[in-house]
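Below, each chain spelled out in residue letters.
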Amino acid sequence: MDVEQVESMLRQEGQRRAAGNTQAFLARHAPFNKMAPTALQLFAEKAHIAFYPAGSVIVGPESGNVRFFYLIESGKVQARQAGEVTVTEYSILSLGVGECFPIGAVTAGRPSTNIYTAVEDSFCYQLPAEHYLTLMATSPEFNLFCTQYIASLLDQSRRQLQAQFAQKASEQQTLNSPLAGIGARNPVSVLPDTPLRAALEAMSQLGIGSMVVADAAKKPVGIFTRSDLLDRVVLADLPLTAPISQAMSASPFTLNEHATAYDAMLAMATHGIRHVLVTDHAGCLSGVVSERDLFALQRVGLRQIRQAIESAPSVEALKASAADVRQLSFNMLAQGIGAEQLTQFISALNDALTRRVIQLNLDRHDFAGIDWCWLAFGSEGRDEQTFSTDQDNGIVYTVPEGDDKEALKQRFLAFALDTNKDLDQVGFPLCKGNIMASNPQWCLTLDEWRAQFSKWIRTPEPVALLNATIFFDFRPLYGKSELSDSMRRHLLSQASATPIFLQAMARNALEVGPPLGKIRDFVTDLEPDHPGKIDLKKYGSRIFVDVARIYALAAGVHSTNTIQRLKLSAQKMNIKGEEINAVLDGLNFIQLLRLQHQYLEGEPGRQGDNLIDPDKLNELDRRILKESFRQARKIQSRLKLDYQVNN
Amino acid sequence: MFGIKKFLFGDGLNENLPPDVKSAVSAWLAQETASLESSHFLTRYVVVDIASDGLDPASNSLTGIAATVVHQGIVSPEQSVYVDLTSADEAIQARQLAAFLRFIGKSPLVAYHVAYVSAFLQNLLKKRLGIAFAARWVDLAWLLPAMFDEISHKPMPLDDWLTAFGLDVGEGRRSPSENNLMLARLLQMLMVRAHAKGVDGVEALIGESKASSHLRRTH
Chain P
1 MDVEQVESML RQEGQRRAAG NTQAFLARHA PFNKMAPTAL QLFAEKAHIA FYPAGSVIVG
61 PESGNVRFFY LIESGKVQAR QAGEVTVTEY SILSLGVGEC FPIGAVTAGR PSTNIYTAVE
121 DSFCYQLPAE HYLTLMATSP EFNLFCTQYI ASLLDQSRRQ LQAQFAQKAS EQQTLNSPLA
181 GIGARNPVSV LPDTPLRAAL EAMSQLGIGS MVVADAAKKP VGIFTRSDLL DRVVLADLPL
241 TAPISQAMSA SPFTLNEHAT AYDAMLAMAT HGIRHVLVTD HAGCLSGVVS ERDLFALQRV
301 GLRQIRQAIE SAPSVEALKA SAADVRQLSF NMLAQGIGAE QLTQFISALN DALTRRVIQL
361 NLDRHDFAGI DWCWLAFGSE GRDEQTFSTD QDNGIVYTVP EGDDKEALKQ RFLAFALDTN
421 KDLDQVGFPL CKGNIMASNP QWCLTLDEWR AQFSKWIRTP EPVALLNATI FFDFRPLYGK
481 SELSDSMRRH LLSQASATPI FLQAMARNAL EVGPPLGKIR DFVTDLEPDH PGKIDLKKYG
541 SRIFVDVARI YALAAGVHST NTIQRLKLSA QKMNIKGEEI NAVLDGLNFI QLLRLQHQYL
601 EGEPGRQGDN LIDPDKLNEL DRRILKESFR QARKIQSRLK LDYQVNN
Chain V
1 MFGIKKFLFG DGLNENLPPD VKSAVSAWLA QETASLESSH FLTRYVVVDI ASDGLDPASN
61 SLTGIAATVV HQGIVSPEQS VYVDLTSADE AIQARQLAAF LRFIGKSPLV AYHVAYVSAF
121 LQNLLKKRLG IAFAARWVDL AWLLPAMFDE ISHKPMPLDD WLTAFGLDVG EGRRSPSENN
181 LMLARLLQML MVRAHAKGVD GVEALIGESK ASSHLRRTH
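Residue numbers (our numbering), protein chains in the order written: chain P, 1 to 647; chain V, 1 to 219.
In isolation and in its complexed conformation, chain V is listed as follows:
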């Protein structure tokens, strides 16, 4: 019995969590994928970016997580969360993370350099909630060169893409929330291009993203 649970939920839910957190996380684990994903327009994408106190997911920790929804072609700041993790209290962090899971649901997540973002998230979620965080990730860093190869056929720094599209990169460092809005804009443009290329639907997009990553890494 324990083995199945462990198999399904990774190492299993942290048993010491308060009941409301536990039930929220269980609910998230049991949640099905949102049904309406027949086109990019109908798919609820959640753009995610993080702030950390260093670059190494193994030794550094997260200080903040920002997420913004892109749904039906629209980005709305109203559909955003920010998780401020600078508070040291683990109990508070656990509840915040449970709330974060509630917000993202089982929507496909979008990030720039998924490996980096997801590693930080996986570490923290494992530590605080005891779960193995797995999500469907769309990696803009690899998708952009696949979709806009007339601009660049290999990955480039985010600001180069923004500049190439005539978007305002702003001055200084962007906060994760601000960065998400830029990523969201790129996603909006990318969805139009993907449709034109016949890459319809989230699975196809993830497929492109993986293929691009594989091709461009190995060739």
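With the rest of the complex left out, here is chain P:
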């Protein structure tokens, strides 16, 4: 062995021995204390030790892609959110000895979103990213620790977004709030001599509809909007090299940031403008308030509505809350909330309303000592209702030993009748098909429900299949949900074991297809009473709902919500994620169009229909709608294949 070889041996030995005291440290801290010795050896040999004096930045967004996994050996490190958007629950977090960072960023190989600063003199072990990944791949304990951490991070950020969303919706800003807190702050502006092309490019890049023109001292001198583009540039044949000052509206309307939203609204109404520029004490541009911003102010708070519902003393009071729910969903729709969130949101508030109606009626009907549960069916059962969906409900109960079943049923029917009437008062119209708890047919004991389900599954006649599409989407709303769980288990075990039933369901579901034309984009003459229109429920969302139900029953998925049913059964049946996401996007778009049509185009106070005229949609919406229908056809063909239906 020559000197070189000896040196490499000495290095190996040195590395092994030097790793010793790192291992001693690791052995005292989770998750390392549970990791295999070889994994610890790897960590200890490869990790560098770095010293960070108090006040020094260890890693931050500016450091670029994170190259190390850091473990604090001594001292204290502070994590601070870098951007304005809070992704996690904390904005400042203190990390101590034995804690690691930034796990998400080093795993993803991206820059850290937090700034990590040593608040005391600190020593950190820093494991280079490549060895970190090796460790993730070879140590199950380390992998579990990191993935759980990342999952909790995602979970935190999701919850945070929801909280922000709810908070935003419930922030009861009034028209008295100062403009300093409304609309966009520090908006982009350009100088008056900026060529139009540059200004337009900036607008397009930033996705903004208007551009403020300000002088070098940031004093606003004009505003240029998209409508100016048409009148003053395109139609006026103004070259794109011309300065923006030639096309802008000069001397724009400005208000001081201490002026109120009301002032801005008044200005918009009197001057017929859509934007008001906000200036600070020195007259410099500090914000822009648009019509849309002001509109958002008038929303009804989520929290207030919930509190009002939960403490409503009477059906009369609930009526007012129901009106608020409608107003709030309307505002949210106008603000561009997605269909999935909106329907879930409406469902949640409608659930609260229904529960309160039930509670109020329970004051007069006592069922102490009896197990029972109020069930929701149909779209309500699927958490997909729009505001004024008909009532679809029922009751399941068990008869305590020694009790008279018939007498008990009469008591439930009386209670249900009162409740159904009150729900109608609150804004859930009585069901025309009489699918209501007050109908003796749908106020059944647990055994009766099970028998009913079995009968429909065993003899899939047209009526049974129609009922299946309504009743199999049940969900417990009030009372003992174990009864409903028991019904679900029964249903799933029976349905998945009866292929003939599923096949019949599939055949039924395939009877109606999406209205895609062979020559024209859409077929619009399917409804003889409404020529030129498409029923988005019948030929759109229902296709997805029906397919989802069949797959859920076949795959044993407990959810009733269509999106969840599709997601969960896709997992079980190994359908690719992107494939199912495209389907869900299609469904969501159709639902959104339905909601927009119902709320924004219908008469106020009355639910609109589901009939839309595709010619009235803009080009983009038309294309998305077409693609959405294609997705409907795609899942239908999959169903056709899976269940060998030839029609």
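Honestly, the hints are just simulated from the structure, not real lab data. Check before you lean on any hint, since a few could be wrong.
Stated by the list, open to error - Once the Cα atoms are required to be at most 20 angstroms apart in a straight line, the calculated EDC-like pairs of lysine to aspartate or glutamate come out as: (1) V:K197 with V:E150; (2) P:K76 with P:E120; (3) V:K22 with P:D2; (4) P:K421 with P:D390; (5) P:K537 with P:E527; (6) V:K197 with P:D121; (7) V:K106 with P:E527; (8) P:K76 with V:D168; (9) V:K22 with P:E4.
Since chain P is already given, all that's left is putting chain V on it; use the hints.
For chain V alone, coordinates are given in the frame of chain P:
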């Protein structure tokens, strides 16, 4: 001719060494100081600690040498060696020492009580390789009180410094390798403090170390 060689290389290389060892040691002797030493961050420091069978360099012998690099603010166990000298074979020891020299190069060396560590190293290197080992030494024992006089203005036992800085002294005796990692941490902290005090670069640090030793010994 022989005289110049003797002047340059001390007593001169042991003529009986195998060729690979001889050439490695010659190369080390001829090696220049690493060029990038304009700041502590850029300087490759090598922390050295020893194990011996007694405390007297004249009568006791080394049983092990550990060295760890501190470079660009970072200590990495990967950049470490350990020379196990418990093997009696002189030929093996000579090759190990040549390899050790290759590893440390002409980097400034850092130790706690340089006089003690360097005496042991000089004796052994002289005996096995025939060279007079001279290196640029940074003595933490004297530098720490100079840089952190708010903690102590005179030398203290190593563990007292570690405790004062909140570092874990561990239980029982530390091996030279483990001890080096503690010394390396002290060096990391010391470099930050030295920068703050305007003591930039290795020569200034060695100067401080010598001045401190002189001042504190004589006053």
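Okay, the hints, checked on the actual structure:
1. This hinted pair checks out: K197 of chain V and E150 of chain V have alpha carbons roughly 14 angstroms apart, not beyond 20 angstroms.
2. At most 20 angstroms may separate the alpha-carbon atoms for a hinted pair to count; K76 of chain P and E120 of chain P meet this at roughly 5 angstroms.
3. Simply put, K22 of chain V and D2 of chain P have alpha-carbon atoms about 11 angstroms apart, close enough for the 20 angstroms limit, and the pair holds.
4. Restraint check: the Cα-Cα separation between K421 of chain P and D390 of chain P comes to about 12 angstroms, which is no more than 20 angstroms; the hinted pair holds.
5. A distance of roughly 12 angstroms separates the Cα atoms of K537 of chain P and E527 of chain P; the hinted pair therefore holds under the 20 angstroms criterion.
6. Distance restraint check for K197 of chain V and D121 of chain P: the Cα-Cα separation of roughly 17 angstroms lies within the 20 angstroms cut-off, and the hinted pair is therefore satisfied.
7. Restraint check: the Cα-Cα separation between K106 of chain V and E527 of chain P comes to about 92 angstroms, which exceeds 20 angstroms; the hinted pair is violated.
8. Under the criterion of a C-alpha separation no larger than 20 angstroms, the hint pairing K76 of chain P with D168 of chain V is consistent with the structure, at around 15 angstroms.
9. Annotation: proposed proximity of K22 of chain V to E4 of chain P holds, straight-line Cα distance about 13 angstroms (limit 20 angstroms).
Violated hint: 7 only; the structure is consistent with all others.
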